[in-house]
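Okay, here's what each chain looks like letter by letter:
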Amino acid sequence: MSVMEPAPAAVSQSGHDYFATLARWKIWEILFWAALAGCYFVPEMDRMLMSRVIIWGLFAMSLDILLGYRGIPSLGHAVFFGTGAYVAGFCGKYGWSEPISALFFAMAVAAALGWLTGKLVQRVAGVGLLMVTLGLNLILFDFVLRSTDLTGGDDGLQGIVIAPVLNMFRFDIYGRTAFWYALVVSFILFIATRILVNSPFGLALIGARENPRRMITLGAPVEGDVSRAFMIAAAIAGAAGALLTQTTQTVAPPTLSFQRSADVLVILIIGGAGRLYGGFIGAIVFILLQDYLSSISPVYWYFWIGLLLVVIVSFFRKGLLPSLDALLQRFIKRKPDAPS
Amino acid sequence: MASILTVLFNGVAYGFLLFVMSVGLSVTLGMMNFVNLAQASFSMLGGYILVTAMQSHGLPFLVCLPIVFVLVGAVSVIVERLIFRHFYKTDDLTQVLLTIGLVFMSIAMATYFWGGSYQRFDMPSWIIGQKEIFGLTLETYRIFLVGFGAVMAVALIFGLERTQLGAMVRACVDNRRVAGACGLNTELIFAFTFAIGGGLAGLGGALSANLLGLDPNFPLRYLVYILIVVSVGGMGTITGTLIAALTLGIADVLGKYYFPQFGSFIIYLLTVAFMLWRPHGLLGRGA
Amino acid sequence: MSGIILETRHMRMAFGGLVIFEGIDFALRRGERHAIIGPNGAGKTTFVNLVTGLLKPISGTIWLDGQDVTRQSPQQRVKSGLVRTFQINSLFKALNPLESVLLALLERDGRGRIAWQKVAAEKQQIDEAMALLARFGLAGDAYTLTDSLAYGKQRLLEIVLALALKPKVLLLDEPAAGLSTQQGHEVFSQLANLPGDTAILFIEHDMNLVFQYADIVSVFAAGSMVLQDSPENVRKSPRVREVYLGA
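Chains as they are written, first to last, in our numbering: chain A, 670 to 1009; chain B, 14 to 300; chain C, 30 to 276.
Simulated from the structure, these hints should not be mistaken for lab results. There's no promise every hint is true.
Here are the simulated lysine-lysine pairs, BS3-like style, with alpha carbons at most 27 angstroms apart [what the hints assert, rightly or not]:
hint	chain 1	residue 1	chain 2	residue 2
1	C	Lys195	A	Lys695
2	C	Lys122	C	Lys147
3	C	Lys147	C	Lys197
4	A	Lys695	C	Lys147
5	C	Lys108	C	Lys85
6	B	Lys144	B	Lys269
7	C	Lys85	A	Lys788
8	C	Lys108	C	Lys197
9	C	Lys108	A	Lys788
10	C	Lys197	C	Lys265
11	C	Lys152	A	Lys695
12	C	Lys182	C	Lys195
13	B	Lys102	C	Lys108
14	C	Lys152	C	Lys108
15	C	Lys122	C	Lys195
16	C	Lys265	C	Lys195
17	C	Lys85	C	Lys182
18	A	Lys987	C	Lys152
19	C	Lys85	C	Lys197
20	B	Lys144	A	Lys987
21	C	Lys152	C	Lys85
22	A	Lys762	A	Lys987
23	C	Lys152	C	Lys182
24	C	Lys147	C	Lys85
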């Protein structure tokens, strides 16, 4: 037998349809982004708060590439966010005020750091991996905090100047430019990530998440893929950090604290990992809740965040999105003549 | 010369504190593979119980210590039975998130009950001041810590190696399923181990309140150190935990004394390098 | 060139103080259907792990198609045509068979690092994946989660994954384990249909399958090869009986 006999055309066609359907934009996705953009026009909307939500959503989505798609937990993801934020800050401080090129530069630096991190951690797993990523986070935080001459230490960078976007839109105190800038950049990076997770490489990441040993026996460069995934995730996290610096014109050590790594993990888990939208949903819930709770009880609001986390991992093990999805599926199945 | 020996001694005292705080986590990690970051919250609770018992109820320091041990042990076993045991089969990350959530809650609760500022309290007069030993001037409290820590370490190692209960615990660490199949009540053994480990964490917190300062952020500050001790020592090994805790204590005190500008930087760097070199720790399984 | 496609020379292996192989010489010829049998603990699976590179031998060399591959990574050996299946199903639980087979095909064709294009664009590989699944009667289950497939079908998928890589040498670690007698024969008759120059090395406990499908049988016991002969001679050999009964 030299050539394999072809499968019946219908069988073959269904395979093409399957992958095409997977990658197709769904109605609710369009609605989601339209609603996000629509927030701008809601009267009395706090646009600075909304741009923070979007930036955190982007940050959490970058972690999703690592955790949701490749299955690598990281307790140090703020390293890349903070790197992007500080690079953008340095650019703004030392005369490179054009925001878009500075954003690209911040992404490139974060990506390089991500690639190195991936090289370092590709042979560790489990608690060891958590410890190494946490350790890297602490090292960078300690370094930034102590290098007062370079980073301004506790006070952060002073005198960051950001030019108007495209030489037209100034960053104002109402957050008008901030909102659109954050939304457009996030949307573009979201589309890129969406293409990635629906690509052959995205499938290879999921394969390695499910069974790394088997991927090796299929000939896949599993360890190299870890570096690649870290690099991509770091670049996007760096973009989120740079967005935060550019929209607020400030950057301080909390952007790369362990607390921030824990928060972004919490956000992703609240929303649900491995869904691309989990980060954004989680950011909406977390940041708005944080804003609300810290305004009613500035001292105790972390109690409620902690409780939320415990409830989520106890009862919605996979996060809000997948749990709602499962509920919806069950509801649909009950209806007798719904199409399967 | 005297000064470096004093610094070394202080490091040993700090190391024993870290050992008492971490040893419970090491054993439970080895036994159930349960990553309990809330261990640091148990330590904080121990600190607050000590302060309350001494300040509000006027109990003597040495009477407070067993009270702390029993109370925190009881609390930890309650938490274990109510919450933790449902999470033994989940992955590391879920456990980390669950217990981080509990740490957040414990910080807010501590603020609620005891306020957000550092606790001030008076240690008994016999333990304040300095003593001259072999020509070295050492703080009495640190001498007490070293003595106490050493007794604890010996008791734990002896208890685990030589007693019936210790043998059961070791069997569970080695292979819980087989131990269960051989008729051991692993649930009971685990709850018991958890109680002892939690009680010890509480003791560690109580003993450190005077030295390290006690406020609601205590768990977040010492969480990392506890994790370093456990992961560098290797989970499930008391000797490994002891070596790691003493090394970390000495390195930290030495580093902060001689290179204050670097702070904890060197410690973190060494930890990461060590974890990459030996992902399972000093004496951990698979090493 | 000789007909030998896979060879081990004085391959030695030990775990700690426990010696598994004292130095094993083994040769597999092009297109051969070669069975390895032997009691539990004879080192059969360790042998496969060594040859595929999941374990590193202490000394000795491994040759694939005239090349020394002893220092090559498992991935490099797969690229050179050395492919294996696992004794216990080792699959992608949250993927369906179509996605799993496609993964293998994309890796084989070096398209697994493409990140800027949809999977749907890989039309040729999708067609081939469906054809492979259809050939093994799995087309109807192409979209079922692997985790919820029946055990026998998971076994089949395990083999389809290996075949998707178009191996020169196929190592099967107990392919019929857990299958009914009939399913076992189906698997082996499918394997018999493979291109004639594909060498197959299989570990198998079911002697009926071994004697029916193997050209040559190697008997492993306690870390050495005690016998290598045709199925008929192995069947008659008193030495084999000894090995199994420990007499």
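Each hint tested on the structure:
1. C/Lys195 - A/Lys695: Violated, because 37 angstroms separates the two Cα atoms, which is more than 27 angstroms.
2. C/Lys122 - C/Lys147: 22 angstroms, holds
3. C/Lys147 - C/Lys197: Violated, at about 30 angstroms.
4. A/Lys695 - C/Lys147: Satisfied, since the Cα-Cα distance of roughly 16 angstroms is no more than 27 angstroms.
5. C/Lys108 - C/Lys85: Answer holds: C/Lys108 to C/Lys85 is near 18 angstroms, not above 27 angstroms.
6. B/Lys144 - B/Lys269: Roughly 24 angstroms separates the two Cα atoms, so the pair holds.
7. C/Lys85 - A/Lys788: With Cα atoms ~22 angstroms apart, C/Lys85 and A/Lys788 stay inside 27 angstroms; holds.
8. C/Lys108 - C/Lys197: Distance ~10 angstroms between C/Lys108 and C/Lys197 Cα, so the pair holds.
9. C/Lys108 - A/Lys788: 23 angstroms, holds
10. C/Lys197 - C/Lys265: 31 angstroms, violated
11. C/Lys152 - A/Lys695: The hint holds at about 22 angstroms.
12. C/Lys182 - C/Lys195: 20 angstroms, holds
13. B/Lys102 - C/Lys108: With a Cα-Cα distance of about 37 angstroms, the restraint between B/Lys102 and C/Lys108 is violated, given a limit of 27 angstroms.
14. C/Lys152 - C/Lys108: It holds: about 22 angstroms lies between the C-alpha atoms, which stays within 27 angstroms.
15. C/Lys122 - C/Lys195: 23 angstroms, holds
16. C/Lys265 - C/Lys195: 35 angstroms, violated
17. C/Lys85 - C/Lys182: Status violated; Cα separation ~32 angstroms.
18. A/Lys987 - C/Lys152: Measuring from Cα to Cα gives roughly 33 angstroms; hence the hint is violated.
19. C/Lys85 - C/Lys197: Roughly 22 angstroms between the alpha carbons, so the hint for C/Lys85 and C/Lys197 holds.
20. B/Lys144 - A/Lys987: The given pair, whose Cα atoms are some 58 angstroms apart, is violated under the 27 angstroms limit.
21. C/Lys152 - C/Lys85: The hint is violated at about 38 angstroms.
22. A/Lys762 - A/Lys987: Status violated; Cα separation ~42 angstroms.
23. C/Lys152 - C/Lys182: Distance of about 25 angstroms is within 27 angstroms: holds.
24. C/Lys147 - C/Lys85: 38 angstroms, violated
Consistency with the previously given hints fails for numbers 1, 3, 10, 13, 16, 17, 18, 20, 21, 22, 24, ordered from lowest to highest.
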